[in-house]
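One line per chain: the protein sequences are A and B, in this order. Residue 208 in the UniProt record's numbering is what sits at position 208 of the first sequence, and the numbering runs on without skipping anything. Residue 11 in the UniProt record's numbering is what sits at position 11 of the second sequence, and the numbering runs on without skipping anything.
Watch out, some of these pointers could steer you wrong.
Unchecked claim - One side only, chain A facing chain B, incomplete, derived with CB under 8 Å:
hint, residue
1, L45
2, E88
3, G97
4, R106
5, S123
6, E135
7, T147
8, N194
9, I404
To be verified - Pair by pair, the computed Cβ-Cβ distance ranges are:
hint, chain 1, residue 1, chain 2, residue 2, range
10, B, G210, A, K241, 50 to 60 Å
11, A, E358, B, A149, 22 to 32 Å
12, A, A264, B, R205, 50 to 60 Å
13, B, G155, A, D156, 16 to 26 Å
14, A, Q228, B, S24, 40 to 50 Å
15, B, L291, A, E413, 46 to 56 Å
16, B, R205, A, R265, 44 to 54 Å
17, B, F278, A, P432, 48 to 58 Å
18, A, E358, B, S24, 23 to 33 Å
19, A, A257, B, A117, 20 to 30 Å
20, A, A210, B, F278, 27 to 37 Å
21, A, V408, B, M113, 50 to 60 Å
Stated by the list, open to error - In silico DSBU-like cross-links for lysine-lysine, where the CA-CA straight-line distance does not exceed 30 Å:
hint, chain 1, residue 1, chain 2, residue 2
22, B, K128, A, K241
23, B, K128, A, K211
24, A, K225, B, K128
Simulated from the structure, these hints should not be mistaken for lab results. Don't be surprised by glycine CBs; every beta carbon is placed ideally from N, CA and C.
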Amino acid sequence: MKNNKSNFSKYLVSGVAALALSAGLASGASAAENGKFRVGIVTFLSGPAAGPFGVPSANAAKVLVEALNKGDVPAPYNKMGINGLEIEAVIIDEAGGATKQVEEYRNLVQRQKVDAVIGYVSSGDCLAIAPVAEELKTFTIAYDCGTPRLFADNADAQYMFRTGLDASVDNIGAARYLAATRPDVTRLSGIQQNYSWGQDSWADFTAAAAKLLPDAEIVEEQFPKIYQGQYGAEISALSVKRPEILHSSFWGGDMEALVLQANARGLLEDATGLLTCGEASFANYKDQAPNGMIIGARGPFGAFAPNNELNTWFKGVYNAAYDLDPVYPATKMVQAILGLKFAAENAGVADKEIPTAEQLASGIKGATFESVSGTVEMARANGHQAMQGITYGQYHYEDGKASIVNAVSFDGECVTPPEGVDAATWISEGFPGATCN
Amino acid sequence: MRFDKTEISLAAVAIACVLFGFVSPGWLIFLMTIAFAKALVVQGVVMQMRSGLVSFGQGLFYCIGGYTVGMGGQFFGIHDAIAALALGVLVAIVVAMILGLLLTRYRDIFFAMLSLAFSMILFGILVKSQSLGSTDGFNVHNWTVFGWAPEVGAGSQQTVFTMTVLSGLVIAVLIHRYTKAGIGVICEAIRENEVRVEYLGLSPRWVLYGNYVAAASVSALGGGLTALATGHVDPEMAYWTTSGEFIFIALLGGLGHVAAPFIAAIVFSVVRTYAIEFVPHTWQMILGFTLLGVIVFLPKGLWSLVSREKSGERA
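Bound conformation, chain B alone (with noise of 0.2 Å):
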């Protein structure tokens, strides 16, 4: 197997990250690892809008990994966070399955509502589950790696970001050889005409349906993180606004490259939590102003400042 330009950088850029981890403080690690985490999450949006589907639901796969690993270690006695986060991908493809077949009928704000409505659908079902702490939630802990327990506190930390930031890697390595093969180009084929697809004698439909499931595992992966990482999952994950924070960050990075989701997440993250500190008030505000900025002055995302030239030569 040969790695192009692209796939070394990110690899090295990863070992940076875990590198990182061992020498900065644990707020900063933290913030890291839910970053990356929802930053997963995000490259299932962005899968989905280089088809040309916006999902306003992508909170609910995320939710789905979130709930799937929490409910293992409460009530199935599943510690073991690898299995709990394969089995937290497993549901989600299961229940993208069956989604997909309404939805990949769909298009535009069809699909994006209809995506909505799913995702509410799953956040109504928990608040009226009380054994599950309705709007409450509930922790998530005692997991094991491997039957190694990680001690609480720095590191489980360390344990939780070396996990996302080597899961981020596989799945950046394999949306990048997606996007580069065959099925990805026709991807943004079915975006720009899908008529024309129609008639290369491909169907979109089914495209589009293998495109969601796997964006729903990718989601549920970082869903599952999540959970991990902060201890604690409720409804709110697949509450609409935890979607629409995932579009906004989609919006941030850009559709141009498939690390420009991660950087996304972490210009996302630090930018509000700064905010919080200096504005408590107005935080929301910086947030819009932020992302208003963004849209006016690089309409392609934050990644139009890495690839100026050859986003040039491509037009």
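For reference, chain A alone in the conformation it holds in the complex (with noise of 0.2 Å):
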């Protein structure tokens, strides 16, 4: 009886697993030329990154897609669909490393026939990609890394895009926010996760600071680990040492338990906080966080997209479908889902045609489109790289509601290298040929 038992549960098991092999290889094979522009999804959907940019970015994709199918959105987008074909999104979850982004990329690709690939919000998998989207020669978009390498280390890109900016920028143009708002501070500190990200945000911080600011000095820098999520040891370092500014490039948890263990030390009292991935958390800072506290969302994003039609009327679904404001994630989610559109409608193809992906890069290439955050233009690396103005400014919490004062823009010009001069040599130079307002 046992043995009948246990013989039944062996066939048993090998047979899903057979049935699921076949009914796998059976779909793979099926899924192609059905009639829709299919596109890849790539975020956060679990782990640490899936809460501040990953959901909201999915979900900003699929509000998106609903309504551009539906042919809803404001011109120049009020076409139905892409190039008049109806959108597929396959959502996928960007969590397990570069190793594994790898193989779910070729995936999406070679098996599930997507015509683009939108995606990644971190930079190891971004650069791991950009040279898999070349030997594929498919037409990939990153919508949210921020590592200058992406374009540095992979020069000659054919098929690679990114409309949202780099880090360096964010940097940048923090110190020029600090420059024109409190050009008299002397004591700058900073408290970044240590690895790519916070590592990188900290030296551009750092030199852009040095010139723009000179009578300012380091006066403290700590670098715990990502995820620590408790920062007695670091704040009390950060206290001492008596800074007026605290420049952090946390994101996300790590983020929102800094500001609340600062503010109740009393650090965020002293010292003002400039958070450069500020936006992300606005809605959750309530009255935690103190006012004045300066913060910044990647470039003219989430809360500091301007007020034009496209940006009111996604604020406008998104809140109905999700009951929040869009954060910056999701803002540019729509500026490469926006870009992808204009691509394919810019390729000169016939209506209902799907480009191909050289099509698709000679649509976008060096091109300007409208979006969610004004005017964007490709005008970096080879007209691969978006380049835009960046926003920063104070959080305001007065009467259970949450606002920005005091915001100044920089222009493009004013915070991003020309094309071929790395960060850290235009920081170095003094900016160069920067042309701000």
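Starting from the two chains in their separate frames, assemble the complex, guided by the hints.
Here it is in structure tokens:
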């Protein structure tokens, strides 16, 4: 009896496995060529980056794709779907590291036969995907990752584009905001997560501050490990140095924890916080962040996006669907999808025809398109990298409502290194050629 | 030299795999390449499991293999894939010979935690190394095989796949012989009763030491092949979740046979990739239930599906 039972379970397990395998292989073979425009969308659906970045992005993609398929989006994007074709979004999880993402990228392109891929929050994933996009000749838009190495390491990229800004812009912008609004500060400090993002952000910020605020000195820097969550020791170390500015590139749960703890300990009363990704938690601070804290959105996104027709429309539908205002990752995802739509419709192919990757690339390379964040110029890295201005402002919470005051915007030309010059060189030479308003 | 039945069938399957590589789609070749490369790392875990030690830090040697191949090309001008892989194995052996002196003094959870600690130390060092791209890592490209540069795309993919299958075959045959040989049987004896082995006049510590170093070299080869196939390395390779994945695959396959880790790695990759496709929000749960199902219904791993009569005889 026992033998029969265990035999049965063995057959069951092997049967299910075989079925899953064959079903999977079959679905892969039949998925292609259904007359829709398939877009792979890759962002964090699990892990610490899902809450602040991935989920808002995926939600934004869902409402936008739905609206595009109905033809509800305002002009110039009022044509149905992409080039008249219905959009089919394949959303997958970015969690799991670069090796897995390369595998899943190949699956998207070769098994699921997507026509384009939009995605990647993590810089490591972007760097790993870029050569594969070139190898598979697939039109790919990096929507959020910030590493300046994306096009420095892949200088002859043909198929990889980025509609978001790189991280140097955030920190040059942050230093410019201080120079414009607090030119008399002398004591700067920083707390960064100890990984590429934090290290690069701090290097760019300190270099830019050395040029723009020549009288200021760095009095303290702290590099706690990522996802640490408890910053008691770091806050003590920072507090005793009496900084006037506390720069941080923290994001997500770490950032909210830092604001909460530093505010409770009085650090954010003595020093003004300057959070380059601060806008992503805009709705969560309530009265736990001090008024006057400087926050950024990595460009003119989220709460810093202008009140143009597209953005007003997008905020409306996003709010109706999720009862929240879109934060910057949501705006950036919309920008990437609109960029793809622009590329397809500017590629010079007939109505309801799917453009090739080459046609998509030629449709957006060096082009200028309208977006929820205003006008986007693909003006850097041979027309593959977007150039836009950046806005910083101060958090203000009054009568249960959060707002941004004292916002200052800087033009793209003011915060972006010229073509072919890397950020570190540009900063160290004192921003030659920068035109600021 | 005589080959037994297992070795002949392994060779036949390997040849079939290489031929299959010429007709299958690119994504499947890539999936199989990564699965086989990871299976090599899992072989290292399984070798130690046979002797009663669970390594929670096999990612250390996986990462050393990957980074040596990457850095060889990037900084030292070693573009030959075979030379880079050999160098990776060599570096892993040297590191294992040093760490093994300490690690083989420990058993059970102490060995597991200490091996984990060393892999996390490497992770920490790499995260702090901005010249190596910190957490972002760096790309691995422009490699050649004996001076011949495969064309970018399908050609290089095919080449890595063939190299992975062939090295998998060689390693599998060696491990198969090793487990059947006296030394391999002693490893199992150490797991069952270390004191008795000592009474036999053998030193369990030095047997485990040799086993540890051999496992490290196999794992480093897997890491190097992964780096060539993916074209990118990052410190995540040494992170504990990566090592956990290897243990997951080892448990999935079981210790029954040298082919088990290869089968388990393919099952793992296929289940994961389809879970991500069909249930993008809960794919981890599917993996969890798969492992749970295997542990409950097949406590000796997937291999017990193949060898149920034989295992009955042995028991």
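Evaluated hints:
{"no.": "1", "hint": "L45", "in the structure": "5 Å, holds"}
{"no.": "2", "hint": "E88", "in the structure": "13 Å, violated"}
{"no.": "3", "hint": "G97", "in the structure": "4 Å, holds"}
{"no.": "4", "hint": "R106", "in the structure": "5 Å, holds"}
{"no.": "5", "hint": "S123", "in the structure": "5 Å, holds"}
{"no.": "6", "hint": "E135", "in the structure": "5 Å, holds"}
{"no.": "7", "hint": "T147", "in the structure": "6 Å, holds"}
{"no.": "8", "hint": "N194", "in the structure": "6 Å, holds"}
{"no.": "9", "hint": "I404", "in the structure": "31 Å, violated"}
{"no.": "10", "hint": "B:G210 / A:K241: 50 to 60 Å", "in the structure": "53 Å, holds"}
{"no.": "11", "hint": "A:E358 / B:A149: 22 to 32 Å", "in the structure": "25 Å, holds"}
{"no.": "12", "hint": "A:A264 / B:R205: 50 to 60 Å", "in the structure": "53 Å, holds"}
{"no.": "13", "hint": "B:G155 / A:D156: 16 to 26 Å", "in the structure": "19 Å, holds"}
{"no.": "14", "hint": "A:Q228 / B:S24: 40 to 50 Å", "in the structure": "45 Å, holds"}
{"no.": "15", "hint": "B:L291 / A:E413: 46 to 56 Å", "in the structure": "54 Å, holds"}
{"no.": "16", "hint": "B:R205 / A:R265: 44 to 54 Å", "in the structure": "51 Å, holds"}
{"no.": "17", "hint": "B:F278 / A:P432: 48 to 58 Å", "in the structure": "53 Å, holds"}
{"no.": "18", "hint": "A:E358 / B:S24: 23 to 33 Å", "in the structure": "26 Å, holds"}
{"no.": "19", "hint": "A:A257 / B:A117: 20 to 30 Å", "in the structure": "26 Å, holds"}
{"no.": "20", "hint": "A:A210 / B:F278: 27 to 37 Å", "in the structure": "52 Å, violated"}
{"no.": "21", "hint": "A:V408 / B:M113: 50 to 60 Å", "in the structure": "52 Å, holds"}
{"no.": "22", "hint": "B:K128 / A:K241", "in the structure": "25 Å, holds"}
{"no.": "23", "hint": "B:K128 / A:K211", "in the structure": "26 Å, holds"}
{"no.": "24", "hint": "A:K225 / B:K128", "in the structure": "10 Å, holds"}
The earlier numbered hints that this structure contradicts are 2, 9 and 20.
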